[in-house]
Structure formats: structure tokens, C-alpha cells
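For reference, the chains in residue letters:
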Amino acid sequence: MIPAAFEYHRPADIRGALSILVEHGDDARVLAGGHSLIPMMKLRMADVPHLIDLQDISSLKGITIEGGRITIGAMTTQHELITNDALHAAAPLLREAALQIADPQVRYMGTIGGNVANGDPGNDMPGLMQCLDATFTLEGPNGTRTVQARDFYEAAYTTDRDDAEILTHISLDATTAGYAYEKQKRKIGDYATAACAVLITKENGVVTSASVAMTNLSDVPVFSEAAAEALIGGTCDTAAVKAAVAAALADIDPTEDNRGPVKFKMHVAGVIIARAIERAWSRA
Amino acid sequence: MNDMTPERDARVANLKGMGCSRKRVEDARFTQGKGNYVDDISLPGMLTGDFVRSPYAHARIKSINTEAAMALEGVVAVLTAQDLAPLSLHWMPTLAGDKQMVLADGKVLFQGQEVAFVVAKDRYIAADAIELVEVEYEELPVIVDPIKSLQSDVVLREDLDPKAPGAHGPRKHHNHIFTWEVGDEAGTNAVIDDADVVAEASMYYHRTHPCPLEPCGCVASMDKVNGKLTLWGTFQAPHVVRTVASLLSGIEEHNIRVVSPDIGGGFGNKVGVYPGYVCSIVASIVTGVPVKWVEDRMDNLMTTAFARDYWMTGKISATKEGKITGLHCHVTADHGAFDACADPTKFPAGFMNICTGSYDIPIAYLGVDGVYTNKAPGGVSYRCSFRVTEAVYFIERMIEVLAIEMDMDPAELRRINFIKKEQFPYQSALGWEYDSGDYHTAWDKALKAVDYDGLRKEQAERVEAFKRGETRTLMGIGLSFFTEIVGAGPVKNCDILGMGMFDSCEIRIHPTGSAIARLGTISQGQGHATTFAQILASEIGIPADSITIEEGDTDTAPYGLGTYGSRSTPVAGAATAMAGRKIRAKAQMIAAYLLEVHDDDVEFDVDRFVVKGAPERFKTMGEIAYAAYNQAIPGIEPGLEAVSYYDPPNMTYPFGAYVCVMDIDVDTGVTDIRRFYALDDCGTRINPMVIEGQIHGGLTEALAVALGQEIAYDEMGNVKTGTLMDFFLPTAWEVPNYETDHTVTPSPHHPIGAKGVGESPHVGGVPCFSNAVQDAFRPFGNRHTNMPHDHWRIWQTANALGLHH
Ligand SMILES: Cc1cc2nc3c(=O)[nH]c(=O)nc-3n(C[C@H](O)[C@H](O)[C@H](O)COP(=O)(O)OP(=O)(O)OC[C@H]3O[C@@H](n4cnc5c(N)ncnc54)[C@H](O)[C@@H]3O)c2cc1C
Numbered sequence: 001m002i003p004a005a006f007e008y009h010r011p012a013d014i015r016g017a018l019s020i021l022v023e024h025g026d027d028a029r030v031l032a033g034g035h036s037l038i039p040m041m042k043l044r045m046a047d048v049p050h051l052i053d054l055q056d057i058s059s060l061k062g063i064t065i066e067g068g069r070i071t072i073g074a075m076t077t078q079h080e081l082i083t084n085d086a087l088h089a090a091a092p093l094l095r096e097a098a099l100q101i102a103d104p105q106v107r108y109m110g111t112i113g114g115n116v117a118n119g120d121p122g123n124d125m126p127g128l129m130q131c132l133d134a135t136f137t138l139e140g141p142n143g144t145r146t147v148q149a150r151d152f153y154e155a156a157y158t159t160d161r162d163d164a165e166i167l168t169h170i171s172l173d174a175t176t177a178g179y180a181y182e183k184q185k186r187k188i189g190d191y192a193t194a195a196c197a198v199l200i201t202k203e204n205g206v207v208t209s210a211s212v213a214m215t216n217l218s219d220v221p222v223f224s225e226a227a228a229e230a231l232i233g234g235t236c237d238t239a240a241v242k243a244a245v246a247a248a249l250a251d252i253d254p255t256e257d258n259r260g261p262v263k264f265k266m267h268v269a270g271v272i273i274a275r276a277i278e279r280a281w282s283r284a
Numbered sequence: 001m002n003d004m005t006p007e008r009d010a011r012v013a014n015l016k017g018m019g020c021s022r023k024r025v026e027d028a029r030f031t032q033g034k035g036n037y038v039d040d041i042s043l044p045g046m047l048t049g050d051f052v053r054s055p056y057a058h059a060r061i062k063s064i065n066t067e068a069a070m071a072l073e074g075v076v077a078v079l080t081a082q083d084l085a086p087l088s089l090h091w092m093p094t095l096a097g098d099k100q101m102v103l104a105d106g107k108v109l110f111q112g113q114e115v116a117f118v119v120a121k122d123r124y125i126a127a128d129a130i131e132l133v134e135v136e137y138e139e140l141p142v143i144v145d146p147i148k149s150l151q152s153d154v155v156l157r158e159d160l161d162p163k164a165p166g167a168h169g170p171r172k173h174h175n176h177i178f179t180w181e182v183g184d185e186a187g188t189n190a191v192i193d194d195a196d197v198v199a200e201a202s203m204y205y206h207r208t209h210p211c212p213l214e215p216c217g218c219v220a221s222m223d224k225v226n227g228k229l230t231l232w233g234t235f236q237a238p239h240v241v242r243t244v245a246s247l248l249s250g251i252e253e254h255n256i257r258v259v260s261p262d263i264g265g266g267f268g269n270k271v272g273v274y275p276g277y278v279c280s281i282v283a284s285i286v287t288g289v290p291v292k293w294v295e296d297r298m299d300n301l302m303t304t305a306f307a308r309d310y311w312m313t314g315k316i317s318a319t320k321e322g323k324i325t326g327l328h329c330h331v332t333a334d335h336g337a338f339d340a341c342a343d344p345t346k347f348p349a350g351f352m353n354i355c356t357g358s359y360d361i362p363i364a365y366l367g368v369d370g371v372y373t374n375k376a377p378g379g380v381s382y383r384c385s386f387r388v389t390e391a392v393y394f395i396e397r398m399i400e401v402l403a404i405e406m407d408m409d410p411a412e413l414r415r416i417n418f419i420k421k422e423q424f425p426y427q428s429a430l431g432w433e434y435d436s437g438d439y440h441t442a443w444d445k446a447l448k449a450v451d452y453d454g455l456r457k458e459q460a461e462r463v464e465a466f467k468r469g470e471t472r473t474l475m476g477i478g479l480s481f482f483t484e485i486v487g488a489g490p491v492k493n494c495d496i497l498g499m500g501m502f503d504s505c506e507i508r509i510h511p512t513g514s515a516i517a518r519l520g521t522i523s524q525g526q527g528h529a530t531t532f533a534q535i536l537a538s539e540i541g542i543p544a545d546s547i548t549i550e551e552g553d554t555d556t557a558p559y560g561l562g563t564y565g566s567r568s569t570p571v572a573g574a575a576t577a578m579a580g581r582k583i584r585a586k587a588q589m590i591a592a593y594l595l596e597v598h599d600d601d602v603e604f605d606v607d608r609f610v611v612k613g614a615p616e617r618f619k620t621m622g623e624i625a626y627a628a629y630n631q632a633i634p635g636i637e638p639g640l641e642a643v644s645y646y647d648p649p650n651m652t653y654p655f656g657a658y659v660c661v662m663d664i665d666v667d668t669g670v671t672d673i674r675r676f677y678a679l680d681d682c683g684t685r686i687n688p689m690v691i692e693g694q695i696h697g698g699l700t701e702a703l704a705v706a707l708g709q710e711i712a713y714d715e716m717g718n719v720k721t722g723t724l725m726d727f728f729l730p731t732a733w734e735v736p737n738y739e740t741d742h743t744v745t746p747s748p749h750h751p752i753g754a755k756g757v758g759e760s761p762h763v764g765g766v767p768c769f770s771n772a773v774q775d776a777f778r779p780f781g782n783r784h785t786n787m788p789h790d791h792w793r794i795w796q797t798a799n800a801l802g803l804h805h
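Going line by line, the protein sequences match chains A and B. So that you can map any letter, position 255 of the first sequence is 255 in the UniProt record's numbering, and since no number is skipped, the others follow by simple counting. So that you can map any letter, position 8 of the second sequence is 8 in the UniProt record's numbering, and since no number is skipped, the others follow by simple counting.
Just so you know, the hints here were simulated from the structure itself, not pulled from any lab data. No residue lacks a Cβ here, since even glycine has one placed at the ideal position from N, Cα and C. It cannot be assumed that every hint is accurate.
Cβ-Cβ distance ranges computed for the label pairs, FRET-style [what the hints assert, rightly or not]:
{"#": "1", "chain 1": "B", "residue 1": "Glu-253", "chain 2": "A", "residue 2": "Thr-255", "range": "49 to 59 Å"}
{"#": "2", "chain 1": "A", "residue 1": "Thr-255", "chain 2": "B", "residue 2": "Met-70", "range": "36 to 46 Å"}
{"#": "3", "chain 1": "B", "residue 1": "Phe-30", "chain 2": "A", "residue 2": "Arg-145", "range": "47 to 57 Å"}
{"#": "4", "chain 1": "A", "residue 1": "Ala-4", "chain 2": "B", "residue 2": "Met-716", "range": "21 to 31 Å"}
Hey, can you work out the whole structure from these sequences and the hints?
This is the structure in C-alpha cells:
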């Protein structure tokens, strides 16, 4: 459990970080909270000759909320997400989900940027960001661009981010929708057996908009448009929930692991999705 | 003399003797990070060793090329079996009478097996060098199932003559290790064949691992000038390690010093002798400098001793009224690649023959077949005394299955069959003599405490509500009544590598009235420094706070067999009391001399000897100690010291009654422990707070094992649970609030009546948690499902019973 030797860099700004990234190409990787990357290095599953620590780059930190738009710096820790009351008021789903990630020790270190950039299907933030329709801002040697969370994930550990790009911040609209993040895990600090994020807006007793996304049920987070459609216009009655669950299950593709076989995961996913919808509806 | 005076009470309180919840003296250093563990040891010039391990579960080694590794700067040596062979150290004997490869000799037999030992300037260089050792393997067929192993043509142990008997008698097959039989099989079968009722069950007690927080490790230092070898290590039995090291290395035993410093939990994992120790010693001899080897978590989980892995089938018979008439048990025991179980020599399946449990079963039979597979060796008693966890799980499941068969309440079935108070000492059908017990009282107290009838009523209502579709949660009531067998053990039938399982204590009283006592045991978190001082305080009248307890250094401590199997209090605790009594006997003579009366005219009173009938005339233990060193007393040698080696006349038999109430989400398999009640009877209670701590810890490890903790292998022999992400180690989050309770039935043969308690909660807890899960599904036709009851297996049970639609 000892990583191979590496060079440690600690630039003070993005420009510095980018130049090291460009210089070393494939041999370099940025380090945020380190709670995904360092275990991989220790297991020697990741070989990173040049490690670029982002912690001194102050522009990557902080949470701002302006005109209904939330901007979260990539280096904001999960702990900070949980304890920021303004953020909680603007998008309560974030705290509910972040509290179900790992344990307090991990959350003091792990960052939102690292969580969404990592590309591990087990990470909770990607599905959450898809549910919230967040926008990721990436900065590379050739400038800045944005990409929607819903378009970002390509396969396990493969995202739309270019190797030479740094995720600088995440932005999303504040929302008053009913919300729920439902997650089944084996123990504290475990990745999801199945998890689901749901947002529902209700007007005059019916669902006017809905968003459903899932974690660890495919090699990428799954945003299920069909599940949302099954809910819109209805009252989240048993039939609607059932239809939404069926639609969501059609979009996932879980694999067997120590948490259990596919049949079990499909079943649990159905239960978790239904519970998330019902809870979000109850808060809408 | 009035025994109840406040003055006397104050003197008793001042001693902090037996029965007092004295705070643990160890905790000041542990909670401040001031402990001194093996990995804290750093010696000048010390090198680090680490292993190249096999990625395969079964493969022939075609070649090992160490050149590139040796070329790496900072690498001092790379040892392979070839280097150890001239010293005859490429293999070593196991505690179970088998032998085990120290470094792979021609082939590997389990994933993670030690192939080469890299010695480098630091652990970082060692880790890099490991990657540079090139090993060419040729894969062989892998066997991970012991039942298939006995039918397989694949020979796992090519080093053994398939026809020759093993350490425990004849072998039936090249992958068979031993058959161990106890009891009367023909008689048992006859009873079962004729019985009114017979219940049967097959159960797999899965492989798991003790997983102490601190993994195994050592520092070996060979001083070539004075010829002395010092070995610091995570040893639960330091003296045995010294003897083994001497026998293996040829270094005379007086030239070997073994030290167990602070140990961060053992639970059986640190009883065995591991290749890392041997390689470190050899490396230190070769290099002439100290060599450290410390496992990482994956090494620990994958290679040093596992626990359990028993495939058990049982038949239990009873009369129409539910009186048990006979019990038949067969076990196929998966021992992995080498038989390295840690059991007393004559007990190849440990004390599995305690499997008649707490019940008066007139006839029984136990047969155990040990089998080789391509899994890590081990088979230690994880927080239990030599397979008693398996035995208690077996009988507590058999009772439940019989209750189902008879459509009886399992609490009542237990009550009908308990050994009665007046039957003690009780001779069990499988050869044990239970020392003392009062099971009915404990059981009634437990059932009353939890309102058992009320729980059953609530459960029945829940089942109805479930059937009506009003809830998707079931309620399980887990019962267990266990009898432990601890304190191994009488030298006449218990030994390890020929060393009788006595234990020892040596006491020195200092002139100013404080003392040091040294024992042959070694605390790994049990709090010996606290509790043994309390025994002594009560025995010799010196305050516990003035007594240092020291263990673990073979140069200073008297020979003992170490700490495991809850043996410290039953054996070393007894030695402590006995040595204390020797001190007291001499103190009595000194006191009589000082008081100018006859020896028989003084009596011990808390912290002094008083003249009978004249309590104002006394000598305190402090005064007596001083006199022992500064007065010439006719006929009495100076000094005040004693040593006792205690050979226990019998084991002790702690028992307890546990109840668990659990809610189970049928759709997700998620469990919620609503209540856990634990009544323990460990005889005389030395320190209630330490007992409570032991109960909490043992129950937590029981919860772990019952609900998810396992070492799982795939068909290729790959370990699927090699990290704490997948190997379940509960945290405060998963652990319920435990309610503890007790009765006190002292052991009649132990000097202070104490029985040992560290492992009871684990032994009794596992079946209790498991029974709760199984009980929830009983109304729907469940008879038995195997642990661990993790979410998906519970879900699978519900699914198989048709509860999902
Ligand atoms: C015991 C344990 C339990 C856990 N449980 C959970 C859980 O339940 N749910 C969950 O979601 N996570 C869990 N995690 C992971 C944890 O949340 C990580 O902190 C998170 O996945 C990564 O964030 P980080 O800041 O630590 O990133 P790092 O580990 O530093 O980086 C992760 C990856 O992202 C890249 N990266 C990081 N920041 C950027 C950036 N700004 N731009 C571009 N690339 C970047 C890195 O190069 C690296 O490849 C757990 C971790 C542990 C150790």
C-alpha cells in the first residue's frame, strides 16, 4: 500500500497548474482532496509521476449565490457543502446527498470537484449534478469552456474533460423543488448499492417538472429523462411512481459486485427510486 | 470485630480491588497516542522487509529473477526459498503438526502467499523493489471448496506422502488432513433413528478474519557481538514464540529475547507464527542489522490467520415433549493450504466438542474432517476459545431448527433442555465437565428483562400487518443461550507444541510497600494492567494503584502460554491469586513476629494483619513489606516475593443469555437492530467496567460476522474482500445500544471464582444476531440460511420465500 515515487507540485494559480499539466502530459494529474486518487496510487492502480496539488489555488474555493445561480469552486470540500446554510437554502438536495457520502473524515478532505471529475460510477455527486442540471466549467491551455453534467460522463473513469483541463467550478440554479437523495449502502463509508436523486416541482397538485438521476447502477451516472416524463402531469400516485420506476430501471445497467448480483440490484434500485420519488413529492 | 465500619470500607475502597470499576490504567497512554507498538520501534540502521506475494491461488513457480530488484538503490537483499533452504528454514512447522512454506518452494498454494522477501533501506524502496522481482508462474487448477477438494484429482500438497498418516491420524485422500471423532456415533444414530422428532440442518459458517486494528509485524535484531537475538512483535504468546524461534534457528533459548510491546488487538490473529517473523530473523542474521516487517491491511486480511470456514451438518432428535435425546454433528473444515490452526495439540478441531451447548443431551457424536484448499492457512479462534464460536452457532441453530420442526417456542425449548443447576459439575456427552451454572435463572431474567411474551405478540401482529400489505418490515427476535469453554487448560490434556497450557505470575513486593507483578500472558486491549492489579490488591492488601503489572518480555516475565481463548483470567489470574497467597502467607509470619504473637493468632484484614480479637494491634502490608527487607527475622528469608505456576484443574464455563430484536426491510434486505440485551455470567466479576467494555467489543465483532464480515474467494481463488471497503468492520454508526446485565455463578475450582469473559459476547452474539434474522422469516417457512446476513443475502432469503412480488 505504498505508491510509486512521484514529484509533488503545488502551484499558486491555475495558470501554474496548467503549465505543469501541459509540460508532463499523461504523466501529470491534479490532486484535490486525494480521497479517490491517493488510494488508487497506493494500490498502484494509478501511476502519477507528477502530482499537482490544487490546494493553494484560492480561486478554486468558495460558494457564491447570486441571482438564483449557485457557483461552487471545485476545491470546496463536501464538509463545506454540508455546513453552508445559504447553499442549503438554495439547493437543499446538496446537503442531503453530501451527508450520505463516506464519513466525516473523508468529507473534510474530499472535494466536489474531485468527486465529479473522478468519473467513478460509485461517486454520488455526478448523479446529483445531473439531477440538478449543473454546468461544469473547465479551463485548459486553450481557454475556458463549459459542459453540462448530463453530457460529461462517457464511461467509467472517462469523461469529456481533456487531460490538460482543470475543472474550476460548478454552477447550477437554485431550486425550491421537492427533493430527495436516497441511498442504500452496506455501511458507513460505503459506495451505493443503489442511489437516486430526485427533484419534483408541484403546481396545483400536479407534477410540473421532475428530474431523476441514479448512482452506481451503470458505468456512468444515469439521468433518466423517461422517468421524469412518467411523473410530469401526474400526482405521483402509485401508478405514476411505478411507471417512473420502470422507466428508470430501463435506463440502468448494474453489474455484480460484493454488494450483490444484478437481480438484487435491479430490485433494490426500484425500491430506492420509488422512495426517492415519494419523498421528493412529499416535499414538493 | 465489626466488618462494616466506615473506616474499614474506606480501606477497602482505597485498594481498588476486585469488584471495583477501576478506570483502565492503560488508557492514559492509548488515548494520548503514547502507546508503543511494534511499528513505533526504530533502531539505528534498521532495514525494512516486505514480501513479493503470489497473485495466483495455485501455480508452479518456473523461475524467480531478483536481479532488477537487487539493482535498485537501497535494496540490501532479496530472499527466496532457495536462500532459506540451506538453513532448513524454507519450511516451518505449524502449531497444528503440519508444516508450512516460509517462502514459496516450487509452487504457491494461495493468493498472497509469500514468494520472496525484499530487504531494503526503507519501506518505500522495498515496495518499489517488490515490483521489480520477476516471477514466472504456471497456473494450476484451483480448489476453493473443501467438499470438492476431497473429490479432486488435483494434489495440493505434493510435499506430503498421500498414504502416510498426518499429525492427527490417517488421511483419506491427498487433500484430506485429518478425521477427528468424539462421542458414540452408532449409539447416537440409533437414538436418532428411533426418535419421535428429528430436525436436520446444513450450515456454512463462512470464513472471516479477526482483523485487529494493528496488523501483524515484528522487528528482529541479531546482535552478532553478544550472540543475542531480540524479537519485538505482535505476539499473543511471546514465550511460545521464543521456544519456537530457538527450535527453528538453533539459537539457544537464553540467547533469545522476545518482547510483545503494546498490541493493538489480536483476537487470535496474532497467535500463529508467520513467515514474516522467520524472514525478518534470517534477514537480521544475514545483514547484521535490525529488520522490521509490518503487514499492511491487505496482507493482514489475505494472508495471516483467518477464522471459521466450517461446513456443518447436524441432526438433533427429541421426544414429543421436546426433550432432546441425541445430537449428531459433522464438519468439513476448510483449513486452507497448510494446517496452521491454532489449537491445543490434542484438539485438531479445538473445542468443537462443546457443541452440545447448554443442554442436557444424553448422547452425541462429532466428526470433523480437515481439508486442504487453495486458501490462506489459519483457522484461529477469532475472539473465542478454539472453535467454540462454531460449536455454539451450530447448537443454537439446531435448537431453532428443532423448534421449527416441533412448532415450539424456541425459548421454551431451550428451557426444557437446559442442564439444571443441581446437575453441576455436569459431564457432557462429548467429554467435558462443566464446572458451574445456573441457566434457568439467567434465562428467566433475560426473557423478563425484554418482555419476551410482549415481543412475540408484537411480532405476530407485525406478520399479520405484513400479510395485509400494511408494512414491508418484518421483526425478528434472536435468542441465544451459550456456554463457553475457556481457560485452556489442564496440562494433562492441553498443550501447544508440547508446552503445557499452565500460566504464571511472579510478584515482588518492594520495601516501601508497592509491588510489581509479571505474568506469562499479554494484554492486547483487555486491560490486564488494570484487572490483575485488582486481583492482587484484594489478595495482598496493597492498593492496585501501587502495583505495576508487566507482561510480554520473555527476559523478565515467567513462562506462560499467552493470551487467547479467554485464558488470562482463568489461568494467569489464578496464578496471580495463588502467588498473592504465597506473599500473604509469608506476610502473616512476618506480622506475627512483629506483633510478637503466634502465626495463627493473626488474621488478614483488607490491607493488614491484625491480632485476632485485638484489632487495634495490627501491622499494615506496608509495614510488613518494610520489615521483610530491613529486619533479621529468625527462620524467615529476607525479601517478599513469590511465583506461581498454575495448572488449572479444569476449564471454566462462562455462560450467558442474549436477546436481539431486529427489524428487517424485506425489499432491500436492510436490517435495523432495535434492541440488544446481553446477560453474562462470568463468575466472580473483577472489574464491571472492563467487563462491560469487553462485552461491547465482542458483541460488535459478533454483529460484524453475522451481518457481513467475510473473507470471500472467487472460483479462481482471488480474495474478493481484501480491503476494508469490502471487509465489514463496524463503526459506531452500525452498532446498536447494548443493554448489559449479569448473574454471578462463581467457578468452584478457580481460586477467585472468575471464569473469563472477553470472548463470551462474540460466541453468544453471533448466533443471536443470526437467529434474529432467521426468526423474522420463520413465519414464512424459513428453516436455515447461511451467514453473513448482508443485504443481498437477506433479500435472497425473502425472494426465495416469495415475499417479493
Ligand atoms: C472510505 C471512503 C469512502 C468513500 N465513500 C464515498 C461515497 O460514499 N460516495 C462518494 O461519492 N465518494 C466517496 N468517497 C470518495 C470521496 O468522496 C473522494 O473524496 C472523491 O471521490 C474525490 O474527491 P477528492 O477531492 O478527494 O479528489 P481526488 O482524489 O484528489 O481526485 C480524484 C480524481 O479527480 C481528479 N480531479 C480532482 N480535482 C480535479 C479538478 N479540479 N479538475 C480536474 N480533475 C480533478 C484527480 O486528478 C483524480 O483523478 C469515499 C472515499 C473514501 C476514502
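Comparing the hints with the structure gives:
no., hint, verdict
1, B:Glu-253 <-> A:Thr-255: 49 to 59 Å, "56 Å, holds"
2, A:Thr-255 <-> B:Met-70: 36 to 46 Å, "42 Å, holds"
3, B:Phe-30 <-> A:Arg-145: 47 to 57 Å, "53 Å, holds"
4, A:Ala-4 <-> B:Met-716: 21 to 31 Å, "27 Å, holds"
When the structure is compared with the earlier hints, no violation turns up for any of them.
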